[in-house]
Structures are given as structure tokens and as C-alpha cells.
Amino acid sequence: MTNTIRFKIKRQDSPDSSPYWQEFEIPYKAGHNVVSALMVIRETPVTRDGKKVKPVVWECNCMEEVCGACTMLINGEVKQSCSALIDDLDQPIVLEPMSKFPVVRDLMVDRNRMFENLKKSKAWVDIDGSWDIHEGAPRISQEEWDRTYIFSRCITCGSCLEVCPQFDKDNDFMGAQIIAQVYLKNTHPTGKFKSADRLHALMGKGGIAECGNAQNCVEVCPKEIPLTTAIGDVGRQVTFQVLKDWFGK
Amino acid sequence: MSEKRIIVVGGGLGGLWATLRIAEAGIPVDLFSLFEVKRSHSACAQGGINACMDTKGDRDTTWQHIVDTIKGGGYLGNQPPIKTMCEEAPGLVRTFERMGVTFSRTAEGIMDLRHFGGVKNMRTCFAGASTGQQLLYGVDEQVRRYEDMGVVKKYEWWEFLSVVKNDEGSCRGITAMDLRTMKVYSFKADAVVLATGGLGLIYGRSTNSTNSTGAAASRVYQQGAEFMNGEFIQFHPTGMPGDDKNRLMTEAARGEGGRIWVPKDPKNSRDPMQIPEEDRFYFLEEWYPAFGNTVPRDVASRAIWKVVKHMGLGLRGEDRVYLDLTHLDRHFIETRLGAILDIYQTFSGQDPREVPMEIFPATHYSMGGLWVDFEKDETTNAMVHHSPRNHQTSIPGLFACGECDGAYHGANRLGANSLLSASFSGRVVGESASIYVKGMQKKSKDIKDSAFEFERQRQEGINDGLMKCDGTENAYTLHKELGELMTKKVSVERNNDELDHALEELKNLEERSHHLDLGDSQTWSNTTLQYARQVQDMIVLAQVIAKGARLRDECRGAHYKAGFDIAIPEGKFPGDPEWDEYVVKWKANNEKWLKSTIAKHTEDGPEISYREVDTSVFPVEKPRDYR
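Those sequence lines, one after another, are chains A and B.
Here numbering that gives the first Met the number 0 is used: the first residue of the first sequence is 0, the next is one more, and so on.
Here numbering that gives the first Met the number 0 is used: the first residue of the second sequence is 0, the next is one more, and so on.
Derived from the structure by calculation, the hints contain no laboratory data.
Among these hints, one or two may not hold up.
Lysine-lysine pairs mimicking DSBU-like chemistry, simulated, CA-CA at most 30 Å apart [claimed, not checked]:
#1 B:K152 <-> A:K118
#2 B:K487 <-> B:K305
#3 A:K51 <-> B:K182
To give an idea of the interface, some chain B residues facing chain A are shown, with a C-beta separation under 8 Å as derived from the structure [unchecked claim]:
#4 I109
#5 R144
#6 Q521
Using N, Cα and C, we set each Cβ at its ideal position, and we do this for glycine too.
Modelling step: build the complete structure from the supplied sequences, incorporating the hints.
Structure, rendered in C-alpha cells:
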């Protein structure tokens with residue numbers, strides 16, 4: 000076993016500047032994950048060849064794979080860096096920013112598009128107001144809960160989009176993230192009242208028809224959300240909606 | 000839409016609830032957050048949210064929820080807000096349900112309930128073991144609806160720096176830094192709501208997210224807002240020790256039947272699964288037979304501390320004890336605790352279904368926070384609905400909600416009451432801030448620009464100073480030292496010598512924090528500049544915690560000084576003369592110390608005074624006793 004951890008990190012000073020690579024080496028410590036190692040590097044940002052450089056910039060928050068912030072490419076695979084344990088990775092560990100979103104700086108990217116798409120697809124349940132109406136929500140069977148709960152665990156990390164051949168920086172495709180949320184809301188007993196609005200959002204440009212069925216998304220989802228199930232189901236819903244729209248009902 | 004505007008800072012559960020209620024009142028909201036609001040720390044809350052639904056045949060009552068919260072908090076919480084919070088909890092939970100939150104269900108299809116610490120009845124509503132994530136997303140979606148309608152404008156990737164006050168001292172806006180360009184701007188508002196969460200990062204490693212620094216609260220404290228009960232920091236008994244973070248293992252693990260134990264013989268290094276029952280020490284069950292493993296967090300944390308630090312029974316001599324789920328049905332724990340089982344397995348490489356987890360108390364929650372007002376209905380002792388006083392800080396026009404206020408949890412918070420207080424206080428503040436601005440004569444947009452420009456320049460000056468500073472100190476190293484100091488000296492057990500030392504050290508750290516070398520001169524997305532400012536403000540707030548602890552010579556809730564403990568006489572209960580003597584001593588101590596600590600900022604550090612606690616709902620007659 001080596002007694003150091005080696006990193007090769009792709010850096011970029013600003014959205015418009017060119018990327019460059021730097022290598023770092025820190026002492027080995029059991030239990031390190033990529034974020035905890037990056038924290039060591041930023042405290043003393045000196046490259047392997049002894050050059051003092053600017054601290055590496057990345058994004059993180061919860062450190063337990065529930066906020067989605069620290070997603071990046073680790074040895075070419077998209078992952079949350081907080082839960083990527085050093086002991087499981089080949090060295091030098093290569094860190095790159097996600098490739099499908101604009102780089103802000105170093106490993107930090109701008110995933111605003113994912114949130115804009117949540118708006119476009121109206122991924123919410125319409126309620127009259129946030130006051131008590133003295134009545135609970137409709138009953139939901141445990142089986143139904145089992146099927147849908149997993150979709151509510153999406154952390155908006157963008158892993159599914161990173162590996163999607165149809166999703167790129169220059170198009171409008173919304174991708175599995177949005178389709179899964181439409182599935183969740185359209186399945187909800189009162190959420191389904193507005194199903195048509197969401198399906199319409201998925202009909203035009205950037206909609207579900209652009210899915211190429213590569214099925215990469217479901218392979219990388221850190222929460223193991225059955226994304227392809229949602230894509231299949233919502234695809235059928237959209238087809239029915241098209242027919243309904245044709246026949247005026 | 001109203002011509003008035005309200006700024007909300009922070010987009011966790013509290014900030015989003017506030018935003019939603021203000022938007023519903025037809026008042027535009029500018030919502031500031033350090034990152035996309037959906038990534039806020041509320042997502043980390045796992046176990047659940049308390050509300051008396053009474054669907055488990057326990058004859059649970061709202062009154063019992065009120066009493067549990069008051070007693071659990073060592074009587075230090077003002078009671079009218081607690082009363083109203085508990086009364087409104089079921090309605091709040093029903094509202095979440097209507098938003099589409101995926102609460103776990105019973106076979107009949109209604110919301111399921113689980114046990115939690117410090118409570119004998121089942122009262123905790125939950126969504127698997129990701130309740131906070133689900134509640135956060137529920138409100139996030141509603142706020143997005145109003146964003147889509149143009150009522151809410153989000154400023155994500157912005158850092159709050161200060162409030163701007165008018166000549167009369169009322170808050171009429173803020174300054175904030177764009178975290179891409181690092182430029183400072185000022186924003187006008189008719190009221191400002193702070194919902195900036197906890198301060199766990201002051202302890203370095205905690206269960207909190209890396210952005211829970213307390214810096215925003217510290218900034219308004221330095222601008223004159225009173226900070227209340229800072230010394231009351233909750234140490235969660237079941238943290239998973241880590242180098243970067245102590246990951247939380249939800250209290251639901253105990254609530255669902257998890258057992259805490261250590262081998263009776265500390266030299267027993269056998270595989271835990273091979274250790275027979277008779278060689279195991281289930282110390283919580285032995286010491287607290289009535290509640291067993293579900294004693295409140297402060298009690299559990301001190302028991303673990305005692306077993307490890309005083310009795311020398313930590314696993315392998317380390318700061319660890321077992322939290323054991325291996326005796327429980329696999330499918331049962333999978334559906335009810337899945338999220339944390341995954342976290343534990345991911346980070347430890349061990350399957351908690353097969354081997355007991357190793358845990359130790361970790362810094363978790365700040366019961367203290369910004370002092371906030373409330374208006375009481377004298378006939379019912381409840382909080383008056385829609386009063387503009389509710390949740391207003393000591394700076395007029397500045398409101399606070401969620402973990403950054405100190406309103407509900409007194410000296411110790413009960414599990415699953417934090418999602419409740421964050422949501423409830425967010426909703427209250429949304430209503431009170433809306434009423435406050437509606438009654439205002441002068442609109443913020445008519446206020447002259449000079450005060451805003453003055454404050455903006457002051458803040459820009461702080462940034463320039465840091466960027467140009469050619470000191471020798473490293474912000475990251477200073478933060479590490481701060482965390483180590485606080486974890487060592489202002490922790491589960493405290494004593495005055497160590498606290499004196501901590502206060503001196505904090506002064507040193509403060510001085511050193513003005514001689515930084517950022518090592519990054521770039522003006523675009525400079526996270527070190529952001530961090531450096533946070534570290535400076537963390538050190539200031541740490542002094543509030545340490546000073547409050549130093550001066551409070553008693554034991555109450557999470558604050559424990561061995562030298563001042565009035566212990567319950569062993570084996571004695573109400574009716575025994577020894578118990579009566581104990582109650583006399585306990586009452587005398589309350590005469591002296593049942594008071595809220597109020598810290599005010601001065602150049603020489605915090606100035607501490609004390610304020611009466613409103614105990615009009617449930618008289619301070621019965622000591623906490625979880626045996």
C-alpha cells in the first residue's frame with residue numbers, strides 16, 4: 000500500500016479561460032474520501048513539483064450524499080465526491096468537473112438548468128394555500144408508497160444527465176431528472192389533477208421524444224432511482240395525452 | 000402585487016416556509032442563498048417531525064407534546080411559543096402531506112408514526128429515514144411555483160454580509176456578495192427575515208453541512224442583535240465519527256428498537272456478534288429503565304461520555320460505543336431506516352444489518368440563537384396569530400426563524416422537534432413580517448440611498464482588506480484550531496478552568512484572524528475569501544457560546560458542569576424524603592438560573608445579561624426524571 004494519495008486535477012480559472020492540469024500528493028490516511036482529501040489540499044495548495052498554487056475550488060455541503068452538491072468526474076465516472084472513498088479508487092485519482100454543465104471555476108459547475116427545468120415542467124402539487132384544511136391527504140397504500148418514495152429521493156445531482164448521450168450543453172433536452180419528477184407528481188393522488196400541464200411541457204422541444212433510450216441514466220443514479228421505469232411510463236402518458244389533445248378531450 | 004418587498008436570507012425549511020407565506024400574502028420576496036436552496040442542510044434531517052396525530056392507540060395529546068418539549072428543554076424555553084407550535088403541529092404536517100410529501104404509510108394508507116427520544120408515545124411522522132429531505136422538497140416545490148409566477152426572485156450563490164439600518168435603527172435592507180464576481184451590492188427591503196440555520200462548523204467537525212457556519216447570525220449579532228442561550232449546544236449521542244464530518248445516525252435508530260451497549264470487559268476484543276448477552280453492558284437500559292434507549296439526547300450523550308471517559312469502557316479504548324440494530328427484522332429496518340443504513344455502509348464499509356454500528360456523541364444543534372420576540376394572548380397563554388412582534392429580533396424589522404433563532408428548545412431539543420420548529424417558525428415569521436410591512440408608512444424604495452451605499456462600501460472595504468492582507472495565517476488552519484478548541488473545552492462536560500482557557504484562546508484566534516494570507520488573488524469565484532470572512536465571524540460567535548457557558552454555574556439540559564450538578568438521589572422517587580430534599584435544592588437552583596442568557600456584542604467580547612423565562616403554561620414543579 001502506498002503511503003500517499005495522488006491526485007490529478009483539472010483546473011479552470013473562469014468560465015471562459017482554458018483548463019489546465021495540476022498534480023497533488025497528500026499523506027495517506029484511512030477513511031479519506033475525495034472531499035476530505037480536497038480539504039487537505041486547499042489548506043496547503045502545493046503541487047507535486049513544489050509549486051504554490053491557488054486553492055482548488057469545488058462545491059460541497061452535506062457530506063453524506065443527500066444534497067447533490069459535490070458531484071464531479073472521478074477517474075472518469077460521475078460521482079458524489081463526499082462518498083467516493085479513496086481506498087476504492089485507482090491512483091492518481093483524476094478529478095474533473097462535470098462535462099455537461101458550464102464550468103464556474105475548477106471543479107465547480109453551474110447546474111441552474113436543472114432547476115429551470117423543474118420550473119418548466121411544473122414539478123409540484125398545486126395546493127390552494129399552505130394553511131390547514133383540517134383534512135389529511137388521500138390515502139396511499141404501502142405498495143404505492145414503496146413505488147413512489149424512491150423518486151422523491153432525487154438529489155438533483157445531474158449524474159443522469161452527465162452520462163446521457165442526448166443531453167448536452169447546447170440543446171434543450173430535459174432528461175431523466177425531469178421525467179422522473181413528472182412521473183412522481185403525476186402518480187400522486189392530487190398531483191395527477193395537473194398531469195396534462197406537465198405532459199405538455201414534455202412534448203415539445205427538449206421533451207421526452209428526444210430520449211434515445213441509451214439507459215445510461217439508471218446505471219449511475221446514486222439513489223438507484225428506477226429512471227427508465229419513469230421514462231417508459233411517462234412516455235405512454237405523453238402518447239395518451241397527444242391523443243386526448245387531438246380529440247379535444 | 001404589493002409595492003412592499005421582503006428579503007429572506009436562507010432557503011432551508013424555515014426560509015422556504017417564510018417565503019411561501021409572504022408570497023401567499025401577495026408580497027414579493029427576494030430569496031438569498033449561498034447555493035441552490037434545494038441543497039440546504041434541512042435535507043440532512045432524517046428521523047421525522049413531531050405532531051400529535053394519536054393514531055397508535057397511545058392516547059397521545061397535544062398537551063403531552065407541550066409538556067415533553069418544555070421539560071425536555073429543561074424549562075428554559077419561553078412557553079407560549081412552544082404551546083402554539085405543538086398545537087399547530089398536526090395542521091402543519093397535514094399541509095406537508097397535501098404538498099405531496101411522501102410520508103411513510105400504515106396498511107390503512109394513513110401516515111405512520113414512530114417512537115423518538117424523551118417521549119413515551121408514538122408521535123413522530125416520517126418519510127423513511129429522509130424526512131428532512133422530503134419536507135424541504137415539498138416547500139421548495141411550492142416556492143418554485145411562486146417563482147414561476149414572478150412573486151419570488153431567487154438570488155442563489157449570494158452571501159449575506161450585513162443588514163442596512165435607517166436613522167431610527169430599523170432594518171431596511173441588506174448587503175450581499177455575489178459569489179461569482181465577489182462584488183458587494185445593497186438591496187432595499189421593508190423587512191428582512193434571517194433563516195440561516197445552525198452553527199455546527201464552529202466545532203469543526205459536526206453533523207452539520209459545511210455551510211452551517213453561523214456566520215450570518217454572527218454578523219447581525221455584531222450589528223446589535225441579541226443572541227440568546229448560546230451555551231446550549233446539543234451533542235447528538237449517535238454520531239458516526241469521521242475525519243471530515245461526524246455523520247448523523249438518526250435517533251429513529253433508537254426509536255425503532257436499536258440498543259446501545261459496550262462489552263463489560265473493555266479488553267474484550269471479540270467480534271461483537273460473538274459477545275454473549277451476559278457480557279454486554281446495556282447501560283442506558285440499566286440506568287434508565289423507564290425510557291431505556293429512548294432517553295433524551297443530552298441524557299444519552301452524557302451516559303456515553305461517562306461510560307467511555309470515566310469508566311474506560313470505550314471500544315478498543317477509543318471514543319466509541321455500539322449502536323446495535325442487528326437483532327431487528329431486516330425488512331423492517333430497511334423500510335424505516337434505509338437512508339441511514341446506506342450512509343453508514345458507504346462511509347464505514349460495514350453493513351449495520353450485520354454488525355453493530357460504532358458511534359459517539361457529535362456536535363449537532365444549537366438550541367440558542369438570535370433572540371426573538373413573541374406576543375402572548377393573556378387569556379390562553381398562546382402566541383397571538385399574525386402579531387408583527389412574533390419572531391422579530393431586537394433589531395426592528397429584522398426577523399429570524401429556524402435554527403438561527405433560539406425560541407423553542409430551551410436547554411435541549413427533543414428529536415424530531417427541529418423539523419417542526421423550522422417549519423412552524425418559518426410560517427409564523429412569514430405571517431408576522433407580512434403584517435409588519437403592511438402597517439408601514441414609508442416604503443423602502445423611498446429611503447435615501449446614502450445609508451445603503453455607506454454600508455456597501457464598508458463591506459467592500461472588508462473584502463479589499465482581506466484580499467490585500469499579507470499576513471501569515473491560513474484561514475483553513477485557523478478554522479481547524481477553532482474546531483479543536485471548542486470540541487475539547489466547550490463540549491459535553493465543561494468546567495470553568497477549561498472555559499477560561501477557551502475564552503483566552505478565542506481572543507488569540509480572533510487576533511490572528513486579522514492577519515490572514517488568502518493565497519488566492521483571483522476576483523472570480525474566490526471561495527477562500529468567502530471562507531475567511533466566515534471564519535472571522537465564527538470566532539466571534541464562539542465567544543458567545545464559551546462566555547455563556549463560563550458564567551452559567553449549573554447543569555441544565557445540554558449544558559453540564561460536573562461541579563454544579565444537583566443529582567437525583569439514586570433509587571429515590573417522589574414520596575421519599577430524599578426526593579423531597581432534592582426538589583427543594585432543584586427549585587432553589589431554578590430561582591437562580593432559570594433565566595435566558597442574553598449576549599450583546601461589544602468590542603471587548605460578549606456582554607452577558609439574563610432575562611426571565613415565560614413559564615405561564617406549565618409550572619416549573621417537576622424535575623426531569625427519565626429513570
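Consistency of the hints with the structure:
no. : hint              : result
1   : B:K152 <-> A:K118 : holds (13 Å)
2   : B:K487 <-> B:K305 : holds (16 Å)
3   : A:K51 <-> B:K182  : holds (26 Å)
4   : I109              : holds (6 Å)
5   : R144              : holds (5 Å)
6   : Q521              : holds (6 Å)
Checked against the numbered hints listed earlier, the structure breaks none of them; every hint is satisfied.
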